[in-house]
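So you can see what is in the structure, the chains are spelled out below.
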Amino acid sequence: MPRLRSATVLDFARTERGNMIVDSAYAASASGLVKIFSGRRVVDGVDLAVPKGMIYGVLGPNGAGKTTTLRMLLGIIEPEEGERMLLGRSHPRDASDRVGYLPEERGLYPAMRAKEAIAFMGALRGLDWKTGRARAVEMLEAAGLGHAADDKIRKLSKGMAQLVQLLGSIVHRPELLVLDEPFSGLDPVNQEKLEKLIRAERDRGATIIFSTHVMAHAERLCDRLAIIAGGRNRFEGTVAEARGTLPFKARYVPHHDDGGIGALLPADAERRDDGWSFTLPEEGIEALLVRLIDAGYGIAGLSIERPSLHEAFVRIVGREALEEQPA
Amino acid sequence: MSMSRKAIRQALTIARRDFIATVFTPMFLFFLLAPLIMASFSLIGGLGASSVADSAGSHERLVVIADPADAKLIGRVDEQLRALFTKDAMPADLQVESPGADPAAQARAAIDRSGYDVDAAMAGPIEHPHIFYGNGATRSASYLAALAEAAVRARAGGLAPKSIATRTEVKRHQASVSGQHAAGFIAVFGVFFLTLFLAGQTVGTMAEERANKVIEILAAAVPLESVFFGKLVGMFGSAVLFILFWGTIAAQIGHVLPPEAAQAIHDLAPAVGWPAFIVLFCLYFTMAYLLLGSVFLTIGAQATTIREIQMLSLPITFTQVGMFALSSAAAAHPGSWIALFAEVFPLSSPFAMAALAANTPGLTWHLLALVWQALWVAVMIAIGARWFRRGVLKSGGPKRKSKLGNTVAAAGEATGQIPY
Numbered sequence: 049m050p051r052l053r054s055a056t057v058l059d060f061a062r063t064e065r066g067n068m069i070v071d072s073a074y075a076a077s078a079s080g081l082v083k084i085f086s087g088r089r090v091v092d093g094v095d096l097a098v099p100k101g102m103i104y105g106v107l108g109p110n111g112a113g114k115t116t117t118l119r120m121l122l123g124i125i126e127p128e129e130g131e132r133m134l135l136g137r138s139h140p141r142d143a144s145d146r147v148g149y150l151p152e153e154r155g156l157y158p159a160m161r162a163k164e165a166i167a168f169m170g171a172l173r174g175l176d177w178k179t180g181r182a183r184a185v186e187m188l189e190a191a192g193l194g195h196a197a198d199d200k201i202r203k204l205s206k207g208m209a210q211l212v213q214l215l216g217s218i219v220h221r222p223e224l225l226v227l228d229e230p231f232s233g234l235d236p237v238n239q240e241k242l243e244k245l246i247r248a249e250r251d252r253g254a255t256i257i258f259s260t261h262v263m264a265h266a267e268r269l270c271d272r273l274a275i276i277a278g279g280r281n282r283f284e285g286t287v288a289e290a291r292g293t294l295p296f297k298a299r300y301v302p303h304h305d306d307g308g309i310g311a312l313l314p315a316d317a318e319r320r321d322d323g324w325s326f327t328l329p330e331e332g333i334e335a336l337l338v339r340l341i342d343a344g345y346g347i348a349g350l351s352i353e354r355p356s357l358h359e360a361f362v363r364i365v366g367r368e369a370l371e372e373q374p375a
Numbered sequence: 047m048s049m050s051r052k053a054i055r056q057a058l059t060i061a062r063r064d065f066i067a068t069v070f071t072p073m074f075l076f077f078l079l080a081p082l083i084m085a086s087f088s089l090i091g092g093l094g095a096s097s098v099a100d101s102a103g104s105h106e107r108l109v110v111i112a113d114p115a116d117a118k119l120i121g122r123v124d125e126q127l128r129a130l131f132t133k134d135a136m137p138a139d140l141q142v143e144s145p146g147a148d149p150a151a152q153a154r155a156a157i158d159r160s161g162y163d164v165d166a167a168m169a170g171p172i173e174h175p176h177i178f179y180g181n182g183a184t185r186s187a188s189y190l191a192a193l194a195e196a197a198v199r200a201r202a203g204g205l206a207p208k209s210i211a212t213r214t215e216v217k218r219h220q221a222s223v224s225g226q227h228a229a230g231f232i233a234v235f236g237v238f239f240l241t242l243f244l245a246g247q248t249v250g251t252m253a254e255e256r257a258n259k260v261i262e263i264l265a266a267a268v269p270l271e272s273v274f275f276g277k278l279v280g281m282f283g284s285a286v287l288f289i290l291f292w293g294t295i296a297a298q299i300g301h302v303l304p305p306e307a308a309q310a311i312h313d314l315a316p317a318v319g320w321p322a323f324i325v326l327f328c329l330y331f332t333m334a335y336l337l338l339g340s341v342f343l344t345i346g347a348q349a350t351t352i353r354e355i356q357m358l359s360l361p362i363t364f365t366q367v368g369m370f371a372l373s374s375a376a377a378a379h380p381g382s383w384i385a386l387f388a389e390v391f392p393l394s395s396p397f398a399m400a401a402l403a404a405n406t407p408g409l410t411w412h413l414l415a416l417v418w419q420a421l422w423v424a425v426m427i428a429i430g431a432r433w434f435r436r437g438v439l440k441s442g443g444p445k446r447k448s449k450l451g452n453t454v455a456a457a458g459e460a461t462g463q464i465p466y
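Line by line, the protein sequences are chains A and B. Its first residue numbered 49, the first sequence is counted upward by one per residue in my numbering. Its first residue numbered 47, the second sequence is counted upward by one per residue in my numbering.
Because the hints were derived from the structure by calculation, they are not lab data. Some hints here could point you the wrong way.
In the PhoX-like style, the derived pairs of lysine-lysine whose C-alpha atoms are separated by at most 25 Å in a straight line are [as the list claims (entries may be wrong)]:
hint: 1; chain 1: A; residue 1: K206; chain 2: B; residue 2: K133
hint: 2; chain 1: A; residue 1: K244; chain 2: A; residue 2: K100
hint: 3; chain 1: B; residue 1: K52; chain 2: A; residue 2: K178
hint: 4; chain 1: A; residue 1: K241; chain 2: A; residue 2: K203
hint: 5; chain 1: A; residue 1: K200; chain 2: A; residue 2: K241
hint: 6; chain 1: A; residue 1: K241; chain 2: A; residue 2: K100
hint: 7; chain 1: B; residue 1: K52; chain 2: B; residue 2: K208
hint: 8; chain 1: B; residue 1: K259; chain 2: A; residue 2: K200
hint: 9; chain 1: A; residue 1: K244; chain 2: A; residue 2: K206
hint: 10; chain 1: B; residue 1: K133; chain 2: B; residue 2: K118
hint: 11; chain 1: B; residue 1: K259; chain 2: A; residue 2: K203
hint: 12; chain 1: A; residue 1: K203; chain 2: A; residue 2: K178
hint: 13; chain 1: B; residue 1: K118; chain 2: B; residue 2: K208
hint: 14; chain 1: A; residue 1: K241; chain 2: B; residue 2: K259
hint: 15; chain 1: A; residue 1: K178; chain 2: A; residue 2: K200
Let's have the full structure, built from the sequences with the hints guiding it.
In structure tokens form, the structure reads like this:
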């Protein structure tokens, strides 16, 4: 993981009025971020390095410090310790016009019309109102909400309002889009729409950082991910690398089963449905299968399963932290 | 785009939103017409009070027990003396009565007469009259004494004037002290009245963002200083609209003012001259609004409920009245230490400097004062933004205790929620 103090060979730094500007391969990076609330280190030395043009997941159980980390990365709150770089700027505020942000706590002005709300969010990021309104109408129509462009926010459903807010975060075509728990509160149809939209933003050239504690979204979307728990980094890498932290699992179904089969199987073998599940032996499964066939159990079914991201996450974070999550 | 231009652009975006959200609502019409309600009640109250006063006045008398020979003379002298009084200061009507067996007892008994109130009664020879008067009616007694004195002189020398004066009205080229003081008080009162009416609105403006949870979107895109300043500017815009509306109406009313009121306005004479005074008045109102508004906005931004915001209205009003009292004292005593304090203390400075513009010529101090006040607006906004960021925009809160609370505590996790 790159540390800002020793920039990688891809980073070419210059300074402007005390603000370090770096031509970097990373859209966002952080080094040793610490945040203390009421004497508690809610973020305790988090490092991040988000390559440009990727979908980057920040995963962690509820209360892991994801939101605080993202807020520090964006400059909403200041870290007690550590450094940040956002789109090549050491002061995140300097890059704010090139960033889109969807906070976890959704909020819009209820009296605003949908297209005005989107244009307003664009105007905050430097987009002129006329262009903002025109793009808002286009985007709402593309999202199937063209009929609601002139409706006030208070008249929209929660899902529609959430979509309006998301469109507001990308109306200025940001280089970096930060989404904090973007899928929460959305029905499956809108979750799929959002996944498409995130991919479309990546295809446009934007970098996307999103936080979630739902592994399925991360598994489908992320090019790279970081897992945070207890305010600390637990993992950084690709989804495959995360899964690679666990060995493959074998699922075996014998022709017949009795008490003796357990003695032949690996020590971690567990009975599951009509068969057994166990970690794939390091030396391979062939020798084990020969022993099972010789003992007369035969092979009614056999599959080699890759561990899921969920399983890897549980392993990395620790089962206790996951069980802490509210239902 | 430079950072300062970017900050101004962002602040104006917030201001535009707030201005539209404030002005284009039915409630703004109610707010705009609020002075009509106040004026209506004042009119009703004023008419009632005037009616009571007139009614009381028509039931008051001064009684003189005098021989018929003196009665006519006393009546004529009374007419001459009354010409010196304004309508409001006019003594009660004079009633001359013929003396009975004991004029002194008759005069004393008149004080307790029913049907109307006798404020004072005089009996005896006008060279040595005996004057009786009711509780606190010393002024009426003094008038009867003066009446007797004038009657004695008139009897000796006749009623015809002994001195014939030529009167010529001369317009002052320099402002009179009383005109300056009057202008000073009106300046202080004007700035106070407008800020009292308008600046208090800023106290609840951040509550909207907190209630709607928009604050994090704003905070992510715009520095909180720009959010605060934008909100102040937006609310100031609606205040200016209010003033323009009523200012236009007041200008039309000016044409139909009664001569006394027109003369009173004409007599106002700010020391810096009218054009500079009007400009300074506008600037000091702006500064008073921004200064007090930024303080109220800062305090109000910490409030979490409507009830808390409502509770803030009392200290806000007290603060404003305090600044008004301090500045009024400064206006009445130009050059005193209290005036200097009021001119330097940031929250009273706009009021006191408006009074200074009325009382003292010269513009240099005003330029310095405006810079000083603008500096304090920036300081207040910076403090407010920092306080808001520390107090409101933070994650974390009390740790959630559960059966696995120890695990959570060990992990040191934050809730990740803004504690709205």
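Hint by hint, here is what the structure shows:
1. Distance hint between A:K206 and B:K133 is unfulfilled; the C-alpha atoms sit about 70 Å from each other, more than 25 Å.
2. A threshold of 25 Å between alpha carbons decides the hint, and for A:K244 with A:K100 the separation of about 19 Å falls inside it, so the pair holds.
3. With a C-alpha separation of about 18 Å, the suggested pairing of B:K52 with A:K178 holds against the 25 Å cut-off.
4. Under the criterion of a C-alpha separation no larger than 25 Å, the hint pairing A:K241 with A:K203 is consistent with the structure, at around 21 Å.
5. Between the alpha carbons of A:K200 and A:K241 the distance comes to roughly 22 Å, so the proposed pair stays at or under 25 Å and holds.
6. Proximity of A:K241 to A:K100 is assessed by CA-CA distance (about 23 Å); at most 25 Å being required, the pair is judged to hold.
7. With a C-alpha separation of about 80 Å, the suggested pairing of B:K52 with B:K208 is violated against the 25 Å cut-off.
8. Taking the CA atoms of B:K259 and A:K200, the gap is about 17 Å. The hint holds against a cut of 25 Å.
9. Taking the CA atoms of A:K244 and A:K206, the gap is near 20 Å; set against the 25 Å cutoff, the hint holds.
10. Taking the CA atoms of B:K133 and B:K118, the gap is about 24 Å. The hint holds against a cut of 25 Å.
11. About 17 Å separates the Cα atoms of B:K259 and A:K203, which keeps this hinted pair within 25 Å; it holds.
12. Annotation: proposed proximity of A:K203 to A:K178 holds, straight-line Cα distance about 24 Å (limit 25 Å).
13. Distance hint between B:K118 and B:K208 is fulfilled; the C-alpha atoms sit about 20 Å from each other, no more than 25 Å.
14. With a CA separation close to 24 Å, the supplied pair A:K241 and B:K259 stays within the 25 Å bound.
15. Taken as a hint, the A:K178 and A:K200 pair is honoured in the structure, with Cα atoms around 19 Å apart against an allowance of 25 Å.
Of the numbered hints given earlier, the model fails hints 1, 7; all others are met.
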